[in-house]
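Engineer: Listed here are the chains, written in short residue letters.
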Amino acid sequence: MPPWLSPEEWEAVRLSLSVALRSVVFGVPPAVLVAWLLARGRFPGRGLLDALVHLPLVMPPVVVGWLLLVTFGVRGPVGSLLQEWFGLRLVFTTGGAALATAVMSFPLIVRAVRLSLDAVEPGLEAAARSLGAGPVDRFLTITLPLISPGILSGAITAFAAGLGEFGAVITFASNIPGQTQTLPLAIYSATQTPGGEAMAARLALLSFALAVAGLLAAEFARRRLQAWLGREAR
Amino acid sequence: MLEVTLRHGFPGFTLEASFAAPAEGVTVLFGPSGCGKSTLLAAVAGLLRPEAGRIALGGAVLFDSRAGVMLPPERRRCGVVFQDARLFPHLSVEANLRYGLRRAPRGAEGPDFSEVVELLGIGTLLGRRPALLSGGEKQRVALGRALLSRPRLLLMDEPLAALDQGRKAEVLPFLARLKQRLRLPILYVTHAMAEVDRLADTLVLMQAGRVLASGPVEEVAARTDLPLLGARRDAGVVLACRVLRHDTAQGLTHLAFPGGELAVPLATVPEGGPLRLRLRARDVVLATEAPRGLSVRNILPVVVEGLAAAEGHAAMLRLRAGPSLILARVTREAVARLALAPGQAAWALVKAVALSGPDGEEAPDD
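For the record, the sequence lines run as chains A and B.
When you line the first sequence up against our numbering, it's residues 4 to 237, in that order.
When you line the second sequence up against our numbering, it's residues 361 to 726, in that order.
The set of hints was computed from the structure by calculation and includes no laboratory data.
In this text, a Cβ means the ideal position worked out from N, Cα and C, and glycines have one as well.
A few of these clues could be false.
[What the hints assert, rightly or not] If the Cβ cut is set under 10 Å, some of the chain B residues that face chain A in the computed set are: (1) L407; (2) P432; (3) E434; (4) F448; (5) A464; (6) A506.
Taking the hints into account, I'd like the entire structure generated from these sequences.
Structural biologist: Laid out in C-alpha cells, this is it:
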C-alpha cells in the first residue's frame, strides 16, 4: 500500500482492479463467440443480436443497472433461480459489480474482436479446410491466433474502461465500501463528504493514470502480437 | 479417375460442364478468364456447392446432388494450391508444411517431409515466416503443404498467374519435376498456353461455362477447328518423344517420336528419357518433292490429311507422320501453287533451332 493513500482509498483501488479484471475474464469468451456469430454467422435475428450487444454503448448506464436489478435481483427471474440453485446473490456484492461492469464493457470487446475477424482473410480458413482441418480445429489453430491481437486490445480497453464504470455499478451493486465501492464510486462519495476534496483529487489523478496506462498497454500489446504474427514483418 | 458433371448458375451465365480426368498425370482445365474453370476446381475441392451434378474420385462420391451427398472439403483429401499461396502468416514455413501432414489420415501414402523439402528446394526457408518469402518461394511452400496432406488428388488454381515472368520460370521446373516424380493425379487450371505445353497430359478446353473439347493433349492441341487453339499465333502440336542420344560435339539431341525422328538443340533429359516437344505450325515448311541440298536437318515424310483456312491469307495444313499429327501454316497462295490436296505425299521441313524442349527457354505466350 502506497503511503500517500489511506486504507479506504487503497481498498477502492484494489476493488476497482478486481472488479475490472473479473469482468474481462468472464466477458472475453462470450464476446469472442458473439463476435464470431456476428462476423461469420448467417441466421435469423443476427441484426437483433447485433443491436442488443451494442445497447450498453448508447443506453444510460443507470438504465442498464436497473435492467440488471430487475433481472438478477433477488426477486428477478434469473436472480431468484441463482439464489435457489447455487445460493448465489449478485445484488450488492463484488460479483454483482463485476457483472454490471462486464455488461457495460461487453460491446467494446465484441467490436475489437469483430474488426480483427473481418481482417482475417477467409481464404486462409478455406486452405485449412482443404488440408483436413474441421471447424473447431480450424478455429483454434488459424482463426483464434490471427484474431488474438484484437482480443487482447479489446480486453485491455475493456479493463481500463471497467475501472471507471459508475452508473450501472451504483444502480445494481450499490455503493458499499470494501464490497462494491470502486474508484469512481469512492470519488463520488468523497465529493459528497465535507473536506473530501483532497481525497477526490488523489483518486481522480489515480484513475486518470490507470486509464492512460491501460490504453498505452493495449496499443503496445497489439503491436507486439501483430509483429509476432508476421503481418508487419515487412 | 475423376469424373465431374455439374451445373451451376451465376448472374449472367451458367456453368454446365462435364469431363473425366485419368487416374494419372496432369489434366489441365484451359480457357479464358471467367470461363468457369476455377469454379469447377472449387467444386471438386468442396469449397463451392454446385446447384446440381455429381463428382466422383476413384470409387468415392464427393458430391451428388440427387443422392444429397456433399462431402466437406476437410474430408475430400484434395490438396489445393491457390493462386495467392494462402500460407498461414502466424506459422513458420515448417509449421505450414506440417499442418496438412499432421491431419493426414493414418496410413495415407505420400512423400515424406524431407522428400518434399528436397523436391521443392525449400530446405533453407523452413525457419522463416511467410511474410519474408518471395512470391515464387511462397508458391513452392504452398505446393509442399498441399502435397504433405497426402491428397488423393492435387488441385492447382492458376498457381503461377500471380507471379511475374521470372518467378514463373523459377516455379515451373518444380511442377514439371513433381509431375515426373510423384504418381499423383493433378487437376490444373490455367489460361496460359505455355503451362499447357509444359505440363498437360490431358487437356480440357473450356469457353463460357462449357467444355469445348477434352482428351489427350496431343489430340486436342492439334485440332484446328477449335477457336482457342486455331487462332493462336503459335498454334502447333505437342509430340511425346523419347531421347535417343545426345551428340555433344554437334550440340544436338536426337529424338524419336511415333512417326519419325527429330534433331533438336542439346537437351538436359537423360538418354532414354521422355521429352515433350512443341512443334509450332509456323516453323514447319512443306515440300512436294524430296528436298536435297538444304541446311534443314529435320525432313519428315508426311501425308496431307486436310487443310483449313487460317486467319489472314494463311492456311493450316494437317499432316500425318505415321500415327502422329503435325500442323503446318502456309500461305493460301502456296496451297494453290503446289495444288495441295488431302492424300498427297509431301515432306515436312523443320529447322532444328526452331525447336526447344520443355527444358529450354520458352517464348512467353501472353
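Engineer: Hint by hint, note whether the structure agrees.
Structural biologist: Now for the hints, and whether the structure bears them out:
1. L407: This interface hint holds because 5 Å falls under the 10 Å limit.
2. P432: Cβ of P432(B) sits 7 Å from chain A, so the hint holds.
3. E434: Hint on E434(B): holds, closest Cβ of chain A at ~5 Å, below 10 Å.
4. F448: Holds: closest Cβ of chain A sits about 6 Å from F448(B), inside 10 Å.
5. A464: 7 Å, holds
6. A506: 7 Å, holds
Hint compliance for this structure: no hint is broken.
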